[in-house]
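*Asks:* Each chain is listed here by its residues.
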Amino acid sequence: MSDDQGRLIIDAVSHRYGRVAALRDITLAVEPGEFVTLLGPSGCGKTTLLRIVAGFVQPSAGRILLGARDVTRVPPHRRPVNTVFQRPALFPHLDVGENVAFGLRVSGVPESEIVRRVGDALALVRLDGYERRRSHELSGGQMQRVALARVLVGRPCVLLLDEPLSALDLAIRLEMEVELRRVHRETGATFVYVTHDQREALALSDRIVVFNQGRVEQVGTPQEIYHAPASPFAARFVGDANVIPVEVARASDGNTTIIVGGGRMPAPRGAGIASGPAWLVLRPEAIRLSPAGAGAAPGLLGSIEDCAFRGAGHAYRIALAGRQDVLKAEVAAAPGAQLPLGSTVTIHWDAAAGALLQREPEKQ
Amino acid sequence: MGELMQGSLRSATAGAVTVLAVLFLVLPLAVVVLFSFHETASLSFPFTGFSLRWYESVFASAEFREATKNSLIVATAVSATTLVLGSLAAYGLSRSDSRVRDALALIFFLPITLPGLFLGLGLLVFFVGIDIKLSLATVAIAHFVYVLPYFLLIAKAALDRMDPAIEEAAADLGAGPWTVFFRVTVPQVWPVLAGATSLAFALSFDEFVITFFVIGPQSTLPLYIWSGLRRTIDPSINTISTLLMVVTLALFAIAFAFTLRTERRRDRAVPALQVPA
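Protein chains in written order, with the numbering used here: chain A, 1 to 364; chain B, 1 to 277.
Among the hints, erroneous ones may be present.
Stated by the list, open to error - Output of the computed footprint for chain A on chain B, the stretches with three or more beta carbons under 8 Å from beta carbons of chain A:
1. 162 to 170
2. 181 to 193
Said to hold, decoys possible - Which chain B residues stay away from chain A? Per the calculated CB distances, all over 10 Å, these:
3. L20
4. P28
5. I107
6. F208
As the list claims (entries may be wrong) - Which residues of chain A face chain B? A few of them, derived with a C-beta cut under 7 Å, are:
7. T83
8. R87
9. V106
Because the hints were derived from the structure by calculation, they are not lab data. Predicted model, so just to flag it, every value in this text is computed and none were measured. Where is the CB? At the ideal position from N, CA and C, for every residue including glycine.
Work the whole structure out from these sequences, hints included.
*Replies:* So this is what it looks like as structure tokens:
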């Protein structure tokens with residue numbers, strides 16, 4: 001399904017609920033077959049945008065195009081897009097087979113074809129032979145699979161998924177992520193996925209759109225978003241990065257350095273900010289810790305405020321000496337290598353691991 | 001210990017009051033039923049013997065049969081109209097914009113607060129004013145006005161409880177508004193609609209006050225009983241009352257059974273996963 005039908009264009013869409021602006025001038029092009037995730041905290045407008053694409057909400061301004069067709073004023077039942085909702089929303093009076101057949105029935109597909117396609121769709125979500133089950137006999141994960149089969153059976157070019165896994169247990173969620181990736185590969189449909197779970201977004205998507213307060217903060221591949229966040233919000237929301245205000249200065253040897261509190265560290269390479277205020281973005285796993293005075297490497301001083309064992313390592317919270325900031329660090333530690341609470345440590349990182357972002361001085 | 005005794009004392013008192021209240025409500029009805037089978041024309045104790053003669057005489061009466069027929073015609077017309085218009089109105093109310101909905105609901109439910117006397121008088125003035133001849137048709141119209149709010153109250157509650165995502169899912173799968181209504185909404189709430197329709201039938205079937213104002217030369221069953229009381233008092237009145245009671249109770253039982261069926265289905269359908277709203 002690589003033709004234009006699966007191309008979704010969101011063109012300058014804005015929406016207000018009364019006086020509240022839910023979406024401000026969103027423009028986004030989704031390529032056929034792409035898996036795009038709208039990621040953001042609750043209330044950021046991502047679900048509203050999905051409902052606008054599905055046709056349940058009329059945007060205050062802007063257009064929705066599917067392929068070359070403007071569908072902005074087309075009601076939901078005439079749009080060639082289908083939605084998987086947060087709740088499975090199965091028809092309680094119909095069995096699994098009839099739930100899946102519903103879309104085909106209302107569009108008048110011949111009975112013999114319905115039987116075959118319902119079987120295929122159920123096989124695709126690994127529920128072969130579940131046709132005669134009632135929805136109340138299914139587990140949460142199975143219900144959501146039926147909901148998925150119910151939309152896949154119509155072979156939509158564009159599939160919208162509104163936090164479809166958020167109501168499931170962690171184990172089932174992880175299993176369903178694998179299923180979603182497989183179904184996406186096998187169907188070749190365009191997936192537009194809404195979630196507030198950055199881990200899910202990183203695991204599933206070709207591209208992520210980070211939303212905040214009705215605006216797009218950043219669009220990029222999971223790697224780009226993770227390693228080169230475009231804003232402090234994106235950095236904090238995806239991967240829980242440390243975002244610390246710093247000053248950039250040119251050192252006597254000609255290299256740029258960053259000043260954090262009283263300490264100096266080499267600036268990340270290619271940061272693009274020669275001097276002045278900046279945000280330093282630092283992933284927790286990029287930070288290394290050593291007991292104060294033990295290592296020769298330059299670093300900042302801090303004291304261990306909290307420590308949680310995470311299996312693969314320890315998650316520390318470190319109060320920076322002489323500053324308000326608390327750094328989060330994840331250290332893959334050898335057994336028994338836990339740093340004691342309250343102890344003073346030297347904090348360091350590879351210059352390449354950090355990133356700098358513009359900062360307005362008065363916002364500190 | 002003391003608390004336990006106090007508790008059992010309290011529950012004993014509550015039990016006794018409940019029994020007294022039920023007796024107070026049921027005993028007069030029981031007496032009516034009992035004396036409908038009395039062998040003599042006496043309406044008070046002692047009960048001297050059992051007989052079906054009053055039933056025979058009631059069924060032999062052409063006036064009774066005519067009144068029953070009229071009541072059935074009116075109740076059927078009223079409940080059928082209420083089912084169709086009431087379901088659509090309840091659906092509209094339930095699915096409309098919340099600001100409009102509250103104002104509309106107030107207007108729709110207002111007739112419940114009016115005494116039947118006012119409703120009857122108001123409708124009489126209205127019919128006379130626009131020069132409509134009083135007949136069974138005016139009775140049916142009046143009953144519709146009287147019955148609709150009760151139907152709406154029940155139907156709207158059932159529609160409000162439905163998960164809106166289910167109708168959205170149907171629309172999303174290509175079902176137009178009418179298809180959604182008939183293939184998704186109605187199949188989920190029909191037992192409630194059926195129950196509310198039997199209630200509408202029962203309310204119309206034994207309505208007296210409003211009917212009294214707006215009826216023409218014909219008679220309905222409640223009016224027939226009333227006119228019978230004015231002439232002579234004999235157990236045939238008890239007989240008719242008993243029959244009316246049986247019909248009404250049966251309809252309420254049907255309504256209750258339908259509602260129960262929906263509740264049970266809902267309990268069963270509580271999904272394995274529940275999303276906090």
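*Asks:* Does each hint hold? Answer for all of them.
*Replies:* Here is what the structure says about each hint:
1. With 6 residues having a beta carbon nearer than 8 Å to a beta carbon of chain A, the region 162 to 170 of chain B meets the requirement of three or more and the stated coverage holds.
2. Under the rule that three or more residues need a Cβ within less than 8 Å of chain A, the assignment of the region 181 to 193 of chain B holds, with 4 such residues.
3. Distance check for L20 (chain B) against chain A: the nearest CB is about 43 Å away, which clears 10 Å, and the non-interface claim stands.
4. The non-interface label for P28 (chain B) is consistent with chain A: the shortest C-beta to C-beta separation is roughly 44 Å, beyond 10 Å.
5. Distance check on I107 (chain B): its Cβ is at least 25 Å (rounded) from any Cβ of chain A, clearing the 10 Å threshold; non-interface status holds.
6. For F208 (chain B), the condition that its CB be more than 10 Å from all CB atoms of chain A holds, with the nearest at approximately 40 Å.
7. For T83 (chain A), the suggested interface contact is upheld, since its CB lies about 5 Å from the closest CB of chain B, less than 7 Å.
8. Taken as an interface hint, R87 (chain A) checks out: its beta carbon lies about 5 Å from the nearest beta carbon of chain B, inside 7 Å.
9. Of the supplied interface hints, the one on V106 (chain A) holds, with its beta-carbon coming within about 5 Å of a beta-carbon of chain B, less than 7 Å.
Hint violations for this structure: none, all hints satisfied.
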